[in-house]
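**Student:** Residue numbers (this note's numbering), protein chains in the order written: chain F, 952 to 1587; chain D, 167 to 898.
One or more of the hints may lead you astray.
[To be verified] Below are the DMTMM-like pairs computed for lysine to aspartate or glutamate, each with C-alpha atoms no more than 25 Å apart in a straight line:
(1) F:LYS1216 <-> F:GLU1386
(2) D:LYS254 <-> F:ASP1417
(3) F:LYS1020 <-> D:GLU460
It is worth saying that the hints were derived from the structure and are not from the lab. Keep in mind it's a predicted model, so treat the numbers as computed, not measured.
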Amino acid sequence: MSCLAKRLSPFLLLLCTLGVIVRSAALHGQVLDPFDPFDIPQLLDPSQNDEEKSPDELVLEAAFLMEDKRLLDARTKLLKALRKDPAHLRAHLMLGGYYLVHVGHFRLALRYVTRAQEIFVEQNGPPPYTDTILKSEHSHILYLLSQINLDLDKYEEALKLLDEYSSWGYYATWYPASRAWILMKLGKLDEAIRVARLGLLAGADFGRTVNILGILLSMNGNSKEALDIFRQAIEYEFSQGIQGQPATPLNNSGEVYKEAFLEEKAESSWLRATSLPDGCEHVLPSLNLALLYIEQLNLSGATQAMNNFESCVAQYPLRNGEEHRALVKLARGRIALLSGHIGTALDALNDALARRQWFGKIGTNQEDLEAAILVSLAQANRAMANLLDQRATSGPLETLQHMLQSAHHRLAAWWYRRRARQVLMGRLNDFEDLEIRNTDSLLEYPTLGELLRDIPSSHLSQRIGDMLIRDKRPEAAVVYRSYLAENLMAGGDRAKGIELFGNVMASLRPRFDDLLRVHLLLTRLEMLSPTSAEYQTIAGDIFSYARPELRSHGHRLPVVVEDPSGELTSVLARSPFQPIDSSEADFIIKLQKTDDSWRMEFSSLRKNFATVRLQGTDLVEMVNKLSDEVFQLPLI
Amino acid sequence: MPAVSHPQLSSPQQRRFVVVVVLLRCLLVAGVLMTLRWVINLSTPAVLLLIPSLLAVLGGTRIAFSRLRGRGLVMLVMIAAVAYVALKSLLLSFPRWIGGGSFQLLDLFWHLDTIVTALIITFLSTVLFWRARWVATAEALLFSAGCITLFSTHRNFRLDLPRAINDISWYFGLTPLSTLIIFAGGCLTILIAYFLCASSPKRPIARLDLPLTIFARTRASRLSTSAVSAIAAVTAVMLGIQVYRQYNIAAGSRLANGVGQEDSAGLSPLGFHSALGSTNQPAALVRLEGDYSENPFSPMMYLREGALSDFNGTEIVIAKEGYDPDVPRLMPEQAFDLEAPNDRTGRTEVVQSVYLLADHKLAFALDYPLRYARLKNPNPGRFKRAYRAVSLAPAFTLAALEAFEVGDPSWTPEVLQHYLEPHSDSRYSEMAFRLTEDAASPIAKAQLIVEYLNANTIYTLTPKHEVEKGADPVAPYLFGDMRGYCVHFAHAMVYMFRALGIPARIGTGYLTDLSQARDGHILLRMSDRHAWSEIYITGIGWVPFDLQPQQVESHADTEVDMHLLEELMGMIDPAEEILPRPTGDDRESEAQWPVPSLDSILIVIAGCLLVLVAIKVWFVERWRFASSPNRRIRWWYQRVTLLLGEMGMVRAFGETRSEFRERISRTLGYDPLSTTPLFLRSCYGRSLVSEAESRHAIRSDRSILDARPRWLRICTYLSPGGALRVLMGKPL
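Chain F on its own, in the form it takes in the complex (with noise of 0.2 Å):
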């Protein structure tokens, strides 16, 4: 967005003044002198209401008022010059440039600039035009349409539009790099690669059809060469200065890093994208980052780095990140999922269910944007539903309630299942995303098993065999057999699928693969009884790594209870904690009764765990309470 801002504004700007010099020159006739700057204030008198203005001399004082970021003055003063002449072509110009470029409002801004296309040809005929500033100005009227057209997710009409650019005989220099911007979303890539080449070989805008020829090849699997070409459009930005904007390039040579397992460079990448004036005010760099963490359990991590986007975005007033909610809302919602908030999850990603998303200019889609959500939100339901089942109640109408509202979201969890299911295999391709792709999936992969026990598991294992052979990734490889596990384990052949688990959990990296860890071990922790000596070590590890997850797939934390009362026990009979007769539990929970009230202590053996206390009168309340201290993790 800032690009374009960029490119228009003095466009525009200089537009404006020399055409409004030059008319109000020959309206007063005065001889103006253009290069002289002492005549422009005679036009812009403060003083002077703006009712005895000309529309011309109300359209300089809004370029120059948009210079000085007084956005709204200027678009008041826009306004009013469109009230006095309906049929002035600049102001309708200049208002479709500030609703494209400074507040979002595609469908105005194409309402503006579509007016100002008609105004032109009632005022100057049907092309073509040999006159330079015409062709110039058509030129550029025909580079907003498409451009807005892009924005409105309309690919087929923009791809039109520059169509017709280039019938006329226009050429700019960013003409190669949308025209193939728009092929890639019209899923022509080896096109947009041909049309970003020869763009290159013709002399157009270095830095982004570099950029965006890096997109087409990493998205055609050639990472390597995609990377080469990220470093040469990094360094052509940051040659640039000011003007640069290295944080593009950089942000997709992180999403190529990320696809080749280098997360650290990817990581890197990201943090420096993000720590740049044109990057932190993009969605992408910060979204990828807390993906980033949020696959490698760095829960703070991710949520600063949705903190620092937001703080960023404040920053300018006029907009007020409409555009980019569903995403923000999706990062929040998994970091809350995780962390065990889970009525923040589910509030956040309904919310990014409802919020409507352009993607004109990211590489990802509607159809992807929403299966990532709906797979988020059953995760969200299913966890909804296990914390109900395992919080104690103080009567049979609270449990019941209970009941009632965890079959409610078991019923949920399914449901968003089966739809993200009918997404992804219906409309995006035969579930292509099953690939391991972060450029243009939103998927959780570490997760995503979820969502593929339900397949049947010849069907899938046929799929994965394929996917193996095609997919040269070691680490993608461990990735497909930890769904194909998963899928054995909870429903087919178990000894095969617990022989691939233990494959898989010793092909795991630290700290790269904690999510997928947990989620494996989650899964094992199903096919075990609480009471087991391999349950109890594997839910200590769980608890070490992500202990709200544990909660969260209804599993329960084994624990020794020293109560002398005996009181807690049925409590803890619908609470995430399992009562165990062992002296070498990690956990313990001892419960005292002092004169009118109990005191309740919670101690893990574990490292980084602090010891939680809590002294109350009611048994119930104070058990809930302790599942939330020891289940949830602070969201900043």
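Could you slot chain D onto chain F? The hints should help.
**Tutor:** Just chain D now, with coordinates in the frame of chain F:
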């Protein structure tokens, strides 16, 4: 179609009836499936879902009237289901047969699962419908439960949920409440129509060993069932009116965040009981006509509508004329023009265009408004009114306020006393002095109070304080559980400020979050209505001092509907026009031609029905007031024929009264017209009917008539149809 050979389908009339019921059932099934598809976002194509289900209705009807018994039916369904599952499993077990690792077939099977499930449920329910009479009742109950579930999202006054309600309301220019009532009315009508059809005496039933209808014993006619439906409809309408009124009163007066629109001196628009009713209903679109970067409350913005400064011993109310002159208290269509002051310390001129989306008694704007001018309504289908306000808006910095004094030196002692009038409860002043011991300046004191309340107050929409009439409604908050909402906070602060000698009052209007604005366009909702305290600062004027409690128990905060905001932004034409001031004639002409509201139309209909019922009751009960036995027996006879008429049993053309009596006795199995000979004697006989004869005959008739079910007696008694017959001159 059904087999003609079935004994229940022997007559063409019955076959026609079956066709009608099948059609109605198809409609119902289609409606339910489409609603389900929309509500749970079923991705299966509508055609694929509808065609098998509608075929299942036809097939189910055909099977129901066949010789297939229950066991056979179960077998049939099970064989079909097992065959489907077997085929599916077979195909999925051998992935290589169906294109290797492709998931396309899985996707297809998931859709097929949905279709087959819908088909089986429709088929079974249709067969059961024709074979067991209770199925219609069960379906009606299920339908009602579905409607209740669908509309249950509107609990807690969230009338704008689901979003479709809002969209439809906007499309037709209705309020969400009206849309809801129309939807509920539609559902009720379908339910009644279906239920009546399903339980009609003429409805064939495929099982011969079951009694035919719920009216089997009395054989009530179509007219009597229509009487039931008319009464049900009247009841529903009356209930609807009541609900509508209650919601309107709630939403429009005191319950929109506890801040209503009362504008009379001596009264208050604020409610202390509850702030429920804070709906997401759009109230207005405000467009800032310029940057307002000096806003000291950014990102929040206060739009003042009214002010309350008169303490009446219990609460703070609107002061009489002469006080609060900065608040114009004008209706939105009234123009207003003040001369701009020369001294603009801490103020800047801000122009706003306001497009009202809900009715407002008073115009609102940033304080202080200098001018209001009517704007041409850019879209009367969407906006109620539009006006432009020019305000001298706050442009000071909050940090700089501490150096200022409070009060206006130009005030008379009377005015100063008005704004300083303290609460009689000394606890307010004690608390105020205790909290502000360390502060020197009035502003610092005020800030200390705000800080204390911010830290200790719990925001809740339902404080549930029990306050006796005439008692102080703020004390339970401030000296009690510290739970409350803006109305409590504003009052408490004003009482404490005044106790410290700081002139204070309450401002009412809207508080909006500019971070949810777009291009300077702000969509105000009812949940943005707010009350806050204000302090008069020398040289600057009234300045809001508001709370932001750190603890929130319940909150009505929702995000702005950006789809709606974008839609509204696109409706405001750049060529907007300022209209001249309205003349008195305009107002009168508006007043002379009021558009009848839905409310008033429903009241008129209900009134007519009530009159008819009253006439009917008179004709039924007048025999009690007869002056002679002759007249009594005549009126009694007419009473019985009137009630029989409600059951569709009227004397045919050319039929004598004796023949009519015989027919009725045959049909009903008892003789409700045993008074016929006495009636004929009273009309045409030479001897009069004696007192004993009349009483005896009436008593025996009554015992027969009282044997009917109570509900049928009530329905025939209250049905207005008989009154219409009498009024139309039909002979009894």
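**Student:** Now look at each hint and say whether the structure bears it out.
**Tutor:** Taking the hints in turn, this is what the structure says about them:
1. Taken as a hint, the F:LYS1216 and F:GLU1386 pair is honoured in the structure, with Cα atoms around 21 Å apart against an allowance of 25 Å.
2. At roughly 23 Å between alpha-carbon atoms, D:LYS254 and F:ASP1417 fall within 25 Å of each other, so this suggested pair holds.
3. Only pairs whose Cα atoms come within 25 Å are accepted, and F:LYS1020 paired with D:GLU460 is accepted, the gap being roughly 14 Å.
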